[in-house]
Amino acid sequence: MTVEPQATPILTVDNLKTYFSLREGWLKAVDGVSFTIDQGEIVGMVGESGCGKSVCAHSILRLLKTPPANLSGRIEFKGADLLSVSNSEIRKIRGGHISMIFQDPMISLNPVLTIGRQISETMILHQDLSRAEARSRSVELLEMVGIPGAEKRARQYIFQLSGGMRQRVMIAMALSCQPEILIADEPTTALDVTIQAQILELIKEMNRKLGTAVLLITHDLGVVAGYTQRVMVVYAGKIVETASTKTIFSRPWHPYTIGLMGAIPRMGKAQDGYLANIEGSPPSLIGLEKACAFHSRCQYAMEECLNQVPEFVETEPGHFVRCFNPRFDRRQDL
Amino acid sequence: MNETLGIIRRYLEQGILAKAGLGIVFLIILFAIFGPMFVRFGPTEQDLSIVLNAPDSRHLLGTDELGRDILARVAYGARNSLFIGIISVGMAMVMGVTIGLLAGYWRGVLDRLIASLMDAMLAFPPLVLAIAISAALGPGYLSIMIAIGIVFTPFFGRLVRGVVLSVREMEYVLGARAIGTRDVKIILRHILPNIAAPIIIQVSLGLAYAILVEAGLSFLGVGLTPPAPSWGSMLRDGYGYMQMAPSMAISPGVAIFVTVLGFNFVGDGIRDALDPTQQRVFKETEQ
Amino acid sequence: MSEEVLIKAVGLKKYFKDKGSYLPGVTTPVTKAVDDVSFEIRRGQVLGLVGESGCGKSTLGLSILRLHESDAGQVFYKGTNLFDLKQNALREYRQYMQIVFQDPYSSLNPRMTVNQIVKEPLDNFNLGEKKWKADRVDELLELVGLSPEHKKRYPHEFSGGQRQRIGIARALASDPQFIVCDESVSALDVSIQAQILNLLVDLKKQLALTYLFISHDLMVVYHVSSRIAVMYLGKLVEIAEREDLFSKPLHPYTQALLSCVPIPDPEVEEKRERIILSGDIPSPMNPPTGCHFHPRCRFSQEVCQREYPELRNISENRYVACHLV
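Protein chains in written order, with the working numbering: chain H, 1 to 334; chain L, 1 to 287; chain E, 1 to 325.
Hints were generated in silico from the structure; no laboratory data involved. Treat the numbers as computed from the prediction; the structure is a model and nothing was measured. Keep in mind that the hints are not guaranteed to be accurate.
[To be verified] Restricting the straight-line Cα-Cα distance to at most 30 angstroms, the calculated cross-link-like pairs of lysine-lysine (BS3-like) are:
1) E:K205 to E:K130
2) H:K209 to E:K271
3) E:K133 to L:K185
4) E:K248 to E:K204
5) E:K78 to E:K32
6) E:K32 to E:K17
7) H:K78 to H:K204
8) H:K209 to H:K78
9) E:K133 to E:K151
10) H:K209 to H:K246
11) L:K185 to E:K130
12) E:K151 to E:K130
13) E:K271 to H:K246
14) L:K185 to E:K86
15) E:K152 to L:K185
16) E:K133 to E:K86
17) E:K248 to E:K271
18) H:K204 to E:K271
19) E:K8 to E:K248
20) H:K204 to E:K248
21) E:K205 to E:K8
22) H:K92 to H:K204
23) E:K13 to E:K32
24) E:K151 to L:K185
25) E:K8 to E:K78
26) E:K78 to E:K205
27) H:K17 to H:K78
28) H:K17 to H:K290
29) E:K248 to H:K246
30) H:K65 to H:K92
31) E:K131 to L:K185
32) E:K205 to E:K151
[Claimed, not checked] Ranges of calculated distance between the beta carbons of each label pair, as one might list FRET restraints:
33) E:E267 to H:R155: 41 to 47 angstroms
34) L:G23 to H:S88: 44 to 50 angstroms
35) H:S88 to E:H156: 41 to 47 angstroms
36) L:A196 to H:G287: 32 to 38 angstroms
37) L:F26 to E:V30: 56 to 62 angstroms
[As the list claims (entries may be wrong)] Not everything, but these chain L residues come out facing chain E in the computed CB check (under 8 angstroms):
38) M170
39) Y172
40) L174
Positions of the beta carbon are idealized from the N, C-alpha and C atoms, including for glycine.
Work out the full structure, taking the sequences as your base and the hints as a guide.
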């Protein structure tokens, strides 16, 4: 992490709530999430499956079908509230100012268009380039993301590429219009470890070179440790802890964060040792009661935890924990 | 059990068509079973003094060219149509599922043989093939049922083979082998229950089509022998008398139409009820 | 290491022939999923098998149990050559060798109750009377952390982690000695994964089991295994005791793999030297000549391109397939 980002927020999410109306009730996928993304920084959003992180990302760019989705809150970007701007406005923002890459490039890329054509499309749309200009720029972009033989590749189709290559193409597409923010939704989850390393290094390099801020969404704490400057831990639709990466790993306060870190196998633990695991499983997001969503699995739960939803507590500058009973726990104990 | 109730519930939550279809099928079945008991006249009872009458209080649908009560003939015709439909589709299902399973599970030469045979049969328009077989076997109940049964077998066979091909790759089938389950038991316990859904759908749609084919065969004269009442032969007979006694053709026509429609709706309803209802939440970007 | 050898694989080969064309003179491409693999597992050990997608590890796991028929080689279980057995005799041996699959959603028959699923092996092997079997099912469910009340329910009523437990119960039913864990925790969330890993470690101790633990996740493999084998494009490139492998990996691929694993510690990550391999994982349909790894290897020499390095025993319990070691 060599770049010190200027702490200028470019995106401010304020009390975002994304509820889905289902037959059984409201599914509160995102339940009051607030955070900012500063210019040029890489922020991690980490949580297990179903915690709402992906829905949160989709909400920012209004990629959800409403209904059944129901969004409320405010997302401030360049002076406008993304949740209330018109459809044509949000379309300009998608790809032009805020881009997104997804987990599975196979389904996110168009199988019947050549790669060059797909990358060009975005630029023609947002930047008014001519087809020829866009095409040569596409080749440049493919080189930038490290695809050898870019000229030839631009004329190929996605099925002719490997998983890692396809992700690079997605990244090229996403960065083609020099967006201020790149949202990466589990970009490496489907990739092998050696390819994952390549892609993450690429994202880091693009952040450094182009100054694009990155919202890196993942379930892998290792990825977060290596590639983000700040982290948000998400559980049951809410952020339960957020701090700088170094801080959160050395001083996790929320019992869920502590549990999560303890559950990861690492070197140095004897084979016969147990992984500190978190009993039980995540709650259903339908009909959440007025209580801390983690209380049934928490070994430090108190009376209050069953009756109220905890708010953020700033335990040290820049370190926020949503807990009535935050614990100070050194990493060595984990 | 719970599962079946869940399916029934989901079926009833479908739109009006599914429910209407269920109602129609139910009524037709009632009509076929009990109708003939309540009709005043026999289906072959001739009364040459009242030929080609319009509907009146005694003959609710009028009389045909031999003075027979049309309503009675429609009622008995319903029995015939349903009977033939159920038996022939039943036959097709048993044969089709068997060869589909054989082909799909054991593959190899057997599979290629069966698949080619089915493809060959499917190359013919079903009605044409049915006519050919029926004509070869001569008129009568049995030959119609055999004809329709044979013609429909490849529909089931192809369907089952396809589903078996995918189910046999499922990990739980591999798991069954790993715990020592024998092939026959794997087919009965692991494969069959999991391919039941499309088979059921095919059955309901098949019934609709079978009734249509039977009507077609009878219309063309290679179906049931007169004077046995059959909707198809009634159509053929009534065709010539459209101006004088339209009820002769319209009555069986409407009966066929309504029955086939009903079974179709039911088939669609079952298919939708069995579909895992996934809610589409994420939409594609618009550019 | 005085324990007996429970499983011994010798020269296993599993090739998939592409349908290809029937034109004369055109060779159909062959995918060598498992290409001459040999190893041993002693009783009570856990051999971890690690590798990336396409390396053939899952195929290897299935081949050992003859759930895939191999094209060459043999597997011995306590001295008996499994590959010599006919189907009926093989079936008898299946009691002793079981498998836990990766996908909790497709590894259980959705139309069978938990009771039926766990009871099936007991029925197949005729292990006891009706009452005994019912009790055994209860016992197994409790062993894996479920309750006998769950017997009447269907798999879809359970979460992923619970389904894996059901799968484990099924595998344990016939009282096996050897279990292949084929990516058994890969489809689970971190916190659930920890639960299941703990369960597997527990069961191993309690029931004196022997595992072949297959995973692409190095850290998970580290946690459960005593010995680890690294696989690349159908071949084993390194086998070593766990601590040896992680502290001093010898094969360049192992070194790269270890350096790419994300470590949840920002301080360590910052100082780390990552060996970023160039290029993609080659397709097993078209493996490079000589050493399969040479195109991506930073130490590659001329000999590496020419000749395939055999897996050599370079020290006690340590095997490497590399010309430069």
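Here is how each hint holds up against the structure:
no.	hint	verdict
1	E:K205 to E:K130	29 angstroms, holds
2	H:K209 to E:K271	21 angstroms, holds
3	E:K133 to L:K185	19 angstroms, holds
4	E:K248 to E:K204	27 angstroms, holds
5	E:K78 to E:K32	28 angstroms, holds
6	E:K32 to E:K17	9 angstroms, holds
7	H:K78 to H:K204	24 angstroms, holds
8	H:K209 to H:K78	22 angstroms, holds
9	E:K133 to E:K151	13 angstroms, holds
10	H:K209 to H:K246	23 angstroms, holds
11	L:K185 to E:K130	19 angstroms, holds
12	E:K151 to E:K130	15 angstroms, holds
13	E:K271 to H:K246	13 angstroms, holds
14	L:K185 to E:K86	19 angstroms, holds
15	E:K152 to L:K185	21 angstroms, holds
16	E:K133 to E:K86	28 angstroms, holds
17	E:K248 to E:K271	18 angstroms, holds
18	H:K204 to E:K271	15 angstroms, holds
19	E:K8 to E:K248	26 angstroms, holds
20	H:K204 to E:K248	29 angstroms, holds
21	E:K205 to E:K8	22 angstroms, holds
22	H:K92 to H:K204	25 angstroms, holds
23	E:K13 to E:K32	7 angstroms, holds
24	E:K151 to L:K185	21 angstroms, holds
25	E:K8 to E:K78	8 angstroms, holds
26	E:K78 to E:K205	20 angstroms, holds
27	H:K17 to H:K78	21 angstroms, holds
28	H:K17 to H:K290	16 angstroms, holds
29	E:K248 to H:K246	28 angstroms, holds
30	H:K65 to H:K92	18 angstroms, holds
31	E:K131 to L:K185	22 angstroms, holds
32	E:K205 to E:K151	26 angstroms, holds
33	E:E267 to H:R155: 41 to 47 angstroms	45 angstroms, holds
34	L:G23 to H:S88: 44 to 50 angstroms	48 angstroms, holds
35	H:S88 to E:H156: 41 to 47 angstroms	43 angstroms, holds
36	L:A196 to H:G287: 32 to 38 angstroms	34 angstroms, holds
37	L:F26 to E:V30: 56 to 62 angstroms	59 angstroms, holds
38	M170	5 angstroms, holds
39	Y172	4 angstroms, holds
40	L174	6 angstroms, holds
In this structure, none of the earlier numbered hints is contradicted; all agree with it.
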